[in-house]
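Chemist: Protein chains in written order, with my numbering: chain A, 154 to 576; chain B, 154 to 576.
Each hint should be verified, as a subset may be incorrect.
Remember, identical chains collapse to one label, so a pair may be satisfied in a single copy or spanning two.
EDC-like cross-link-like pairs, simulated, lysine to aspartate or glutamate; straight-line CA separation at most 16 Å [what the hints assert, rightly or not]:
| no. | residue 1 | residue 2 |
| --- | --- | --- |
| 1 | K431 | E192 |
| 2 | K266 | D187 |
| 3 | K217 | D376 |
| 4 | K266 | E214 |
Since the hints were derived computationally from the structure, they do not count as laboratory data.
Note that this is a predicted model, so its numbers are computed, not measured.
Protein chains: 2
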Amino acid sequence: MSDLQKPSRRAFLRGSAAAAAGTLGAAASAGTPDPLITELQDWTSGLGDGVDATPYGMPIEFEKDVVRRTVPWLTADPISSINFTPIHALDGTITPQGCAFERHHSGAIELRKEDYRLMINGLVDRPLVFSYADLERFPREQHVYFCECAANTGMEWAGAQLNGAQYTHGMIHNMEYTGVSLRTLLEEAGLDAAGDLGDKWVYVEGADASSNGRSIPMEKALDDVLVAFKANGEALRMEHGYPVRLVVPGWEGNMWVKWLRRIEVTDMAVQSREETSKYTDVLEDGTARKWTWVMDAKSVITSPSPQAPITHGHGPLVITGLAWSGQGKITRVDVSRDGGVTWETARLAAPGTDKALTRFYLDIDWQGEEMLLQSRAMDETGYIQPTKEQLREVRGLNSIYHNNCIQTWHVTPEGVTENVEVS
Amino acid sequence: MSDLQKPSRRAFLRGSAAAAAGTLGAAASAGTPDPLITELQDWTSGLGDGVDATPYGMPIEFEKDVVRRTVPWLTADPISSINFTPIHALDGTITPQGCAFERHHSGAIELRKEDYRLMINGLVDRPLVFSYADLERFPREQHVYFCECAANTGMEWAGAQLNGAQYTHGMIHNMEYTGVSLRTLLEEAGLDAAGDLGDKWVYVEGADASSNGRSIPMEKALDDVLVAFKANGEALRMEHGYPVRLVVPGWEGNMWVKWLRRIEVTDMAVQSREETSKYTDVLEDGTARKWTWVMDAKSVITSPSPQAPITHGHGPLVITGLAWSGQGKITRVDVSRDGGVTWETARLAAPGTDKALTRFYLDIDWQGEEMLLQSRAMDETGYIQPTKEQLREVRGLNSIYHNNCIQTWHVTPEGVTENVEVS
């Protein structure tokens, strides 16, 4: 242990190990060696659980706070409400299904594969009904895509409201989907009857009571939409649409219809409740933007953040967050520590991929200075994530959906982190 | 419904929808319309579960068979044993932690982050001890890697033994890991004291009773080894080494030490039990191959397979499986339906990535012919997965580990699928 009592001070700024050695060294020099190092521990002297303990494993009990959470006052009833992914506690890009946010309009339904049917009707040559087993016989594709609720960050239009990245930005998840392309199924039903496809739509609805019907332009339907039955390798969870949901890459989550039961080819948009009274953006002059399908480039720092404050001392600090764009790949993320006055380019953990989450990092030496932390995403179209001010200028204050503005966290010298607004 | 009763026969070979329409059409023409289409169902007329039902979600009850399974006769005690990933029921490439195989030598231990310590000692300038919080302050990396137990497929050396891809090839999983590179931590401790690094090693051990110590050459330690604390975005599960495990990309799973507690820089391999009496391959002449770290290119068809037989009629059939290589990227997978006489090149769901699972598909028109299904992986080094015969020629029959031979499934005209051996 003698070497451990003499940490090299020159390493202090090179990495956190110096802080580690400092802490432990201090304890050792005070005459109290770390018993976790010097004494035999129960877990090293005894046996653990066998391989038959948990056929399907859950997170360890110490991680029991890393769960989806609701905001009870947000909606009248949990049957038509939202919960939030604990993005402040996750790293990487994949979201485990177990803690991926849910949004239901009439609750999550239990539907057996045997009872599952998908109808394609309307302007097709051969109206068809598929069983689940039928869908499994078509050529499959796989892609990692993010799914973001249009209302994500919606409470922030009016100012800093919710104190945590989970609540401000947690209506998002990112999974590896396996399914059949919608194009394949539409072609199976035959599109000759539809004539010119340029002005055609598909109307998609779910088997739940809300049906949650949405109109999708044919161009998108034939592009990259998936009829998906697996996420992150395994069957969809009940709350994510088991056994089959629609995946509409880059577009608002409301269109990713769960428990998908019908796809109708039409010559006009249906103008359903979900695309008229809801999922439109009321502007300052009272008119509404509609068909606002694409989720524009956006980012958020997940740590530090209000639920993930800085709890260690000065020195090395990892700033990390997520960036995404419904228009394609993230190409760059900048981070500001002074509320947007100066910017540093963050390191992307991997090159951005199409319509999927990208993780970014900025490794800094933090000496206890106050910070106004922001991140700013850019995508392959050249689009730059706007400030809240810029967004309000064009959209006003009546909107709920499509708030992709730059988020600000205030970090105090003690490391406490709060949701604030800068102008 | 009238259109549904007249499915177009010309679509028969174009996709499975024809089979679907055929089935449903037949039912309708027999005077019994599908009540799942014509009648209002409970799940459409009632409300489902709210967003507060499951803070952390589990798979739906209908998927309760998609779990890790053990082979009770394989080992004397589940404390030092293996269970198997249900690869026959998964698709895509990501393995959810909940059903990712486990291998323990003295059971899975419960270790709090607060109680976690990692020591780096031996031939370093500054022996250091890190807490979990310290590790979180170093620059992080993310990569998707497969982890395969050296004994995966080991029972097959002697012939076709276990009837299911889960049992023959399920000692594998594939996750997105987040952690700190081992190089970073070694450099923090300082490697000047070690002198010439070309002949140095690190000895890594876990905090469980087995300690499961392994020697890793310094070249690999400084290359791509990660000290990982997240998998698929969230904390490691207890059974996968919570809170910290080693990730040794492309190398046998036994070296991916769980509950990692110590890394010693040495001037020779330790020659521990786990790399002498175990994890070596006894050849025909009684000598043993050792330092057989790399998991060579391998593949297996996951469906159809004995646990995933063909249960639908003739016509479109999706053949799918997994391929991987510890040497780098998978570049091509071929599939044979006649036991290796003729081969077709399969479609890769995505280009192969470094030391990670690649999903392949072959979409065929199956007319009930008997098949001897095989898959053959190739990697970027030009290596081609060998036959069982080729492998036995050089390794004999005494081995347990590193069986990467081509697997054969026999498919009967009824779609029943069995593990067989062809010569």
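Chemist: Each of the hints needs a verdict: does it hold here or not?
Modeler: Going down the list of hints, with the structure as the test:
With identical chains, the CA atoms of K431 and E192 are never at most 16 Å apart, being 62 Å at best within one copy and 29 Å at best between copies. Taking the shortest Cα distances, K266 and D187 sit within 16 Å of each other only across copies (15 Å), while inside one copy they are farther apart (55 Å). Taking the shortest Cα distances, K217 and D376 never come within 16 Å of each other, neither inside one copy (40 Å) nor across copies (35 Å). With identical chains, the CA atoms of K266 and E214 are at most 16 Å apart between copies only, with a shortest distance of 12 Å across copies and 32 Å within one.
The structure fails hints 1 and 3 (numbered hints given earlier, in ascending order).
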